[in-house]
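Participant: Given next are the chains, with one letter for each unit.
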Amino acid sequence: MTRHGRRPDATTLTVWQVVELARHANRPYSLDYIRRLAPDFLELHGDRLAADDPALVGGVGTWHGRTTMFLGHQKGRSLKDRVARNWGMMHPEGYRKALRLAHHAAKFGFPIICLIDTPGAYPGAGAEERGIAAAIARAIMEWFRVPVPIVAAVIGEGGSGGALGMGVADRVIMLENSIYSVASPEAAASIVWRDNARKVEAAEQLQLTSRDLLAMGVVEEVITEPEGGAHLDYDATARALDEALYRHLQPLLAQPAEELLQHRYERFRYIDSLVHAEPHFGPKID
Amino acid sequence: MELAKTHTEIRVAGGKLPPIPLPTNCPGCGVALDSDVLRKHGYVCDCGHHFRLGADAWIALVADRGSWKERWGDVRSHDLLNWKVPKPYQATIDQLTEEGLNEAVRTGTCTLGGRTIWLATFDFRFVGGTLSIVAGERLARGMEQAAASGLPYVLIAASGGARMQEGVLALMQLAKVNAAVGRLHAAGVAYFSVLTDPTFGGTAASLALLADINIAEPGAAIGFTGPRVIKQATYADLPPGFQSAEFQLAHGQVDMVVPRTELRRLLAHLLEMYP
Numbered sequence: 001m002t003r004h005g006r007r008p009d010a011t012t013l014t015v016w017q018v019v020e021l022a023r024h025a026n027r028p029y030s031l032d033y034i035r036r037l038a039p040d041f042l043e044l045h046g047d048r049l050a051a052d053d054p055a056l057v058g059g060v061g062t063w064h065g066r067t068t069m070f071l072g073h074q075k076g077r078s079l080k081d082r083v084a085r086n087w088g089m090m091h092p093e094g095y096r097k098a099l100r101l102a103h104h105a106a107k108f109g110f111p112i113i114c115l116i117d118t119p120g121a122y123p124g125a126g127a128e129e130r131g132i133a134a135a136i137a138r139a140i141m142e143w144f145r146v147p148v149p150i151v152a153a154v155i156g157e158g159g160s161g162g163a164l165g166m167g168v169a170d171r172v173i174m175l176e177n178s179i180y181s182v183a184s185p186e187a188a189a190s191i192v193w194r195d196n197a198r199k200v201e202a203a204e205q206l207q208l209t210s211r212d213l214l215a216m217g218v219v220e221e222v223i224t225e226p227e228g229g230a231h232l233d234y235d236a237t238a239r240a241l242d243e244a245l246y247r248h249l250q251p252l253l254a255q256p257a258e259e260l261l262q263h264r265y266e267r268f269r270y271i272d273s274l275v276h277a278e279p280h281f282g283p284k285i286d
Numbered sequence: 001m002e003l004a005k006t007h008t009e010i011r012v013a014g015g016k017l018p019p020i021p022l023p024t025n026c027p028g029c030g031v032a033l034d035s036d037v038l039r040k041h042g043y044v045c046d047c048g049h050h051f052r053l054g055a056d057a058w059i060a061l062v063a064d065r066g067s068w069k070e071r072w073g074d075v076r077s078h079d080l081l082n083w084k085v086p087k088p089y090q091a092t093i094d095q096l097t098e099e100g101l102n103e104a105v106r107t108g109t110c111t112l113g114g115r116t117i118w119l120a121t122f123d124f125r126f127v128g129g130t131l132s133i134v135a136g137e138r139l140a141r142g143m144e145q146a147a148a149s150g151l152p153y154v155l156i157a158a159s160g161g162a163r164m165q166e167g168v169l170a171l172m173q174l175a176k177v178n179a180a181v182g183r184l185h186a187a188g189v190a191y192f193s194v195l196t197d198p199t200f201g202g203t204a205a206s207l208a209l210l211a212d213i214n215i216a217e218p219g220a221a222i223g224f225t226g227p228r229v230i231k232q233a234t235y236a237d238l239p240p241g242f243q244s245a246e247f248q249l250a251h252g253q254v255d256m257v258v259p260r261t262e263l264r265r266l267l268a269h270l271l272e273m274y275p
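Residue numbers (my numbering), protein chains in the order written: chain A, 1 to 286; chain B, 1 to 275.
Just so you know, these hints were derived from the structure itself, not from any lab. Where a beta carbon is used, it is the ideal one built from N, C-alpha and C, also for glycine. Hints are not guaranteed to be accurate.
Unchecked claim - Below, a list of computed lysine-lysine pairs in the BS3-like style, where the Cα atoms sit at most 25 angstroms apart: (1) K199(A) with K231(B); (2) K40(B) with K199(A); (3) K16(B) with K69(B); (4) K69(B) with K40(B); (5) K199(A) with K87(B); (6) K16(B) with K40(B); (7) K80(A) with K40(B).
Said to hold, decoys possible - Cβ pair distances, simulated, as ranges: (8) K87(B) with D40(A): 31 to 39 angstroms; (9) R100(A) with A187(B): 20 to 28 angstroms; (10) P218(B) with L49(A): 28 to 36 angstroms.
Take these sequences, add in the hints, and give me the full structure.
Facilitator: Structure representation (structure tokens):
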């Protein structure tokens, strides 16, 4: 089990350096992967209620010979694009679009791939007015009823409920230098210290690196990135992601829907079971 | 609305509320407070200000006297991330436990107006009523049992969200609990949620807003992101009443805003209409 302050891997990175890699300006984003995995990707827009949320891309593409639904948080590269994509922070419409596309996939039996890369849901007044809390709540609940295989991968930042709203899946995997946390280090520092400048200390305590999550049993696999980080070789990272996603998806394709949903339920119902198993680690619940 | 039982009958059935620490004057109207009078009125000032209640007070207010049977009260949280600064998490837990609090969620069965229900209540005094592994476990187990037995499920929410000191495993409680809420709904079991001041973050973004009927207390602050963070992130000026219970009613997130003094009567009536 990793402990406070321990480096995330046997190399030379500190926890904060991993956070910076996860947020690197040149890090590949969802569309960089989706277009490599499925060159015929066709984007589908809109929640059919009010709007389209550009912070979440969704659509269908042919992947390993099978039509697949891809969903992913999308950040922008240029300043203009970043604003348009809202830094990958979804509004309520994004979660509603995700559910629409999930049910669309279920109708046709398409498997679903979710790529997670968000600092969190959008913390703005408009999102509150249009019910961001209920939108995330409903999304998390509904994912448990989507009767097709879902594999999620954290490819950059997995921030809080905004990430989990897209992260209920049969398998969840992570790129090596991505993070997944109850809150961003800044938000956690703001909550615990009332000072978001304590972000480095917060990051070190939160145990948010891929190896921490693997040790806790929250993700099934950590995908090794090219030396120096994913931003140095998009193609190689995409190939590694492709291979891991498909390896995790394959056994799910053969499962009857009922069994799939039961296992998905148990995956999250007992997600803290590793914590219980180790006598000196966490609450003992019988 | 013709309610099933008279106010007095149902109030009498409830237990006596425990004393709670009160300010000298009401923050709502400034009047000097008489704690004995307030206690008899469910800690609601004449001006309508609702004081925050802990889990013990909520149990006394909702459950018929002597009917409360607590479940899984012996399950305790531990410091699993070795969280040291600014305060060791284990010390925080130990101190609150010594003060007589038992985690951020307590759950069990009771009767309300004679009907047996599952009741779960948050306690904001325990690390801001934050969702922890133990809180999530108590909630999920109660919901699973309610789904199996068909007993209605009543939630009292008061929470700052997920507990930072339990890291990503606290976040995972949203999924764990929402999966169980889904089972409640699939089983056709009635689920009523009472949102009290404050209900935010991961608790609002999970079970608190997913009930068949969402009931908010007047003036309660309810939302996802807290106003301080919204202002920091967007430099927006937030209008008065932003994220209040009345705001959430106007924006379609809650079914009704109901004073605490009417709550027992309302719940008893609902339990008769949703068998």
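Participant: For each hint, tell me whether it holds in the structure or not.
Facilitator: We went through each hint and held it up to the structure:
1. K199(A) with K231(B): 19 angstroms, holds
2. K40(B) with K199(A): 46 angstroms, violated
3. K16(B) with K69(B): Since the Cα atoms of K16(B) and K69(B) sit roughly 17 angstroms apart, the hinted pair holds (cutoff 25 angstroms).
4. K69(B) with K40(B): Judged against 25 angstroms, a Cα distance of about 24 angstroms means the pair holds.
5. K199(A) with K87(B): 16 angstroms, holds
6. K16(B) with K40(B): 8 angstroms, holds
7. K80(A) with K40(B): It is violated: about 59 angstroms lies between the C-alpha atoms, which goes past 25 angstroms.
8. K87(B) with D40(A): 31 to 39 angstroms: 54 angstroms, violated
9. R100(A) with A187(B): 20 to 28 angstroms: 26 angstroms, holds
10. P218(B) with L49(A): 28 to 36 angstroms: At 30 angstroms between Cβs, range holds.
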